[in-house]
Amino acid sequence: MTQVESKYKKLHAQIDRNNPVITLRDIHKAFGALQVLKGVDLDVYKGENLVVLGRSGTGKSVLIKIIAGLLKPDRGQVSVLGQEIDKLDTRELQALRAKIGFSFQSSALYDGMSVRANLEFPLVRNKRHLGRKEIDDAVAQVLDDVGLSQAIDQTPSQLSGGQKKRIGIARTLILQPEIMLYDEPTAGLDPLTSVEINDLINEVQQRYNTSSVIITHDLTCARATGDRIVMLSEGCFLRQGTFDEVFESDDPRIRNFYNTILLINHE
Amino acid sequence: MKAFFIRIYDIYQFIARFFREVFIPPYEYKEVFNQFFEVGIRSLSIISLTGFITGLVFTQQSRSSLAEFGATSWLPSLMAIAIIRALAPLVTALIIAGKVGSNIGAEIGSMKVTEQIEAMEVSSTNPFKFLVVSRILATTCIAPVLAAYMGFIGMMGAFVNVLRNEQTSLTAFFEQAFIKISFLDVYILVLKSAVYGFTIGVAGCYNGYNADHGTVGVGRAANTSVVVSMFLIFIEEMIIVTVVNKFR
Chain X
1 MTQVESKYKK
11 LHAQIDRNNP
21 VITLRDIHKA
31 FGALQVLKGV
41 DLDVYKGENL
51 VVLGRSGTGK
61 SVLIKIIAGL
71 LKPDRGQVSV
81 LGQEIDKLDT
91 RELQALRAKI
101 GFSFQSSALY
111 DGMSVRANLE
121 FPLVRNKRHL
131 GRKEIDDAVA
141 QVLDDVGLSQ
151 AIDQTPSQLS
161 GGQKKRIGIA
171 RTLILQPEIM
181 LYDEPTAGLD
191 PLTSVEINDL
201 INEVQQRYNT
211 SSVIITHDLT
221 CARATGDRIV
231 MLSEGCFLRQ
241 GTFDEVFESD
251 DPRIRNFYNT
261 ILLINHE
Chain D
1 MKAFFIRIYD
11 IYQFIARFFR
21 EVFIPPYEYK
31 EVFNQFFEVG
41 IRSLSIISLT
51 GFITGLVFTQ
61 QSRSSLAEFG
71 ATSWLPSLMA
81 IAIIRALAPL
91 VTALIIAGKV
101 GSNIGAEIGS
111 MKVTEQIEAM
121 EVSSTNPFKF
131 LVVSRILATT
141 CIAPVLAAYM
151 GFIGMMGAFV
161 NVLRNEQTSL
171 TAFFEQAFIK
181 ISFLDVYILV
191 LKSAVYGFTI
201 GVAGCYNGYN
211 ADHGTVGVGR
221 AANTSVVVSM
231 FLIFIEEMII
241 VTVVNKFR
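Protein chains in written order, with the numbering used here: chain X, 1 to 267; chain D, 1 to 248.
Quick caveat, the hints were computed from the structure, so don't treat them as lab data.
It should be emphasised that the depicted structure is a prediction, and the values quoted were computed from it without experimental measurement.
It cannot be assumed that every hint is accurate.
[As the list claims (entries may be wrong)] Quick look at which bits of chain X chain D covers, simulated, 3 or more residues with Cβ under 8 Å:
| id | region |
| --- | --- |
| 1 | 92-98 |
| 2 | 106-113 |
[As the list claims (entries may be wrong)] Here are the computed distance ranges between Cβ atoms for each label pair:
| id | chain 1 | residue 1 | chain 2 | residue 2 | range |
| --- | --- | --- | --- | --- | --- |
| 3 | X | Gly131 | D | Ile41 | 27 to 37 Å |
| 4 | D | Phe4 | X | Arg75 | 41 to 51 Å |
| 5 | X | Glu248 | D | Phe19 | 52 to 62 Å |
| 6 | X | Glu203 | D | Phe19 | 44 to 54 Å |
[Stated by the list, open to error] Only pairs whose alpha carbons sit at most 30 Å apart, straight line, appear in this in silico DSSO-like list of lysine-lysine:
| id | chain 1 | residue 1 | chain 2 | residue 2 |
| --- | --- | --- | --- | --- |
| 7 | X | Lys127 | X | Lys99 |
| 8 | X | Lys133 | D | Lys30 |
| 9 | X | Lys72 | D | Lys99 |
| 10 | D | Lys30 | D | Lys99 |
| 11 | X | Lys127 | D | Lys30 |
| 12 | X | Lys127 | X | Lys87 |
| 13 | X | Lys99 | X | Lys38 |
| 14 | X | Lys72 | X | Lys127 |
| 15 | X | Lys87 | X | Lys38 |
| 16 | X | Lys46 | X | Lys72 |
| 17 | X | Lys99 | D | Lys30 |
Virtual Cβ for every residue (Gly too), placed ideally from N, Cα, C.
When you get a sec, could you build the whole thing from the sequences and use the hints?
Shown next, in the form of structure tokens:
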């Protein structure tokens, strides 16, 4: 596999196995006749980076949108930071979401706003007591954390794909979330930029003490960022464990996925 | 047929949500004023041009008919009736529908398909309040102001035409013009324009907020916003004129 060495070595994460921050039980979700998730169970522990790996169209993005409360499961229970999502009213759900950072595949930066305005947007609406100086300091801090201080007055259209991802992550970090959800963080990026994003994910885990769910089909990303990997296929989890434990499997679906990605990367 | 009624119910829920959210804090003052600026100031030039030409041309076209009866002195009051009662609110609404309605549909539609609306939701912000409430408020409040402004500019266009052909002064022209205009006409202009503005805001926001299928969906949202707005504006015009004439 073509692999670019990370400059940032993943440190051993402090994971509290007695403290699940996300719990999914028997999650089912269908779109029309298409059954996307078929009884998924999952625990994500405090301090853990969990990678959900699988081919496109296997329901990975649906899974984290259910965790964030953007989609409702047809059946099953979702508990985040001890609160059952389906039992929350709008205000309670908004309060919970302030503790969850969501990095979108497309970055989802607000086109009509500068980077500064993008970063201020969630802050001024969730922490209304903050003064101008505190807002400016918070914006400068997260931009520094993602290494893009110079981009503060640029617009999203002036940024590269990797920079957009970083600003997208910075926008979630500004609320100092307890949980980070990354949807395909390295999709569409060149290998060098992908490594930078993987480094950033690990840095965020350690600096902000977050628990993360990382959705990806990128093996390099999974290996670099995941404390635990779960393999999703046809709406069910096939196997979970460390990267090596998952890919030691003889399951033909896992072997096929691994070999195909290897082949593509080799070519 | 079932799909049609489901759509109508969906639109009803969308409007009901607007009326719920508009009164519940927190309020997005800054975005509302941004939208006032977007809808109002940015439409001024085209409203001015269209209003002036409408007044000028309509006066010219009416002149020959009135001249046959030696009644060109009625031109100011005829123009006032035509412009204040019908042309100003209607033409303003059609311009706003074309310029602002399409913009709202496309902007919110593109935010929807690029996950920006979901990004607002997960950052604990109410996107409906920020995007929809602010825009509907802006179109509803600014449309009457623009219509009144167009009425004035249209009358100025009519005055230029009258001045070129007859000896008159601005004061004499407006005194003559307002003989046939009552406060009821001005109230109706404001009311009609607010209804048209609300319609344009709802059509643009609803179509944008429910856009899908990528960039094709964005184009469709913009297009549908304009077509639906214009269609509804004509229906509303017909209803309002019929009702008002019963009370006049």
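Hint check:
1. 92-98: holds (count 4)
2. 106-113: It holds, with 6 qualifying residues against the three required.
3. X/Gly131 / D/Ile41: 27 to 37 Å: The hint (27 to 37 Å, Cβ to Cβ) holds, given that X/Gly131 and D/Ile41 are roughly 30 Å apart.
4. D/Phe4 / X/Arg75: 41 to 51 Å: violated, 31 Å
5. X/Glu248 / D/Phe19: 52 to 62 Å: Hint holds: Cβ distance 59 Å, inside 52 to 62 Å.
6. X/Glu203 / D/Phe19: 44 to 54 Å: holds, 46 Å
7. X/Lys127 / X/Lys99: holds, 12 Å
8. X/Lys133 / D/Lys30: holds, 19 Å
9. X/Lys72 / D/Lys99: At roughly 37 Å apart (the allowed maximum being 30 Å), D/Lys99 and X/Lys72 break the hint.
10. D/Lys30 / D/Lys99: holds, 22 Å
11. X/Lys127 / D/Lys30: holds, 16 Å
12. X/Lys127 / X/Lys87: holds, 24 Å
13. X/Lys99 / X/Lys38: Holds, at about 28 Å.
14. X/Lys72 / X/Lys127: holds, 27 Å
15. X/Lys87 / X/Lys38: holds, 22 Å
16. X/Lys46 / X/Lys72: Given that 30 Å is the threshold and the Cα spacing comes to 24 Å, the pair holds.
17. X/Lys99 / D/Lys30: holds, 25 Å
Checked against the numbered hints above, the structure breaks hints 4, 9 and satisfies the rest.
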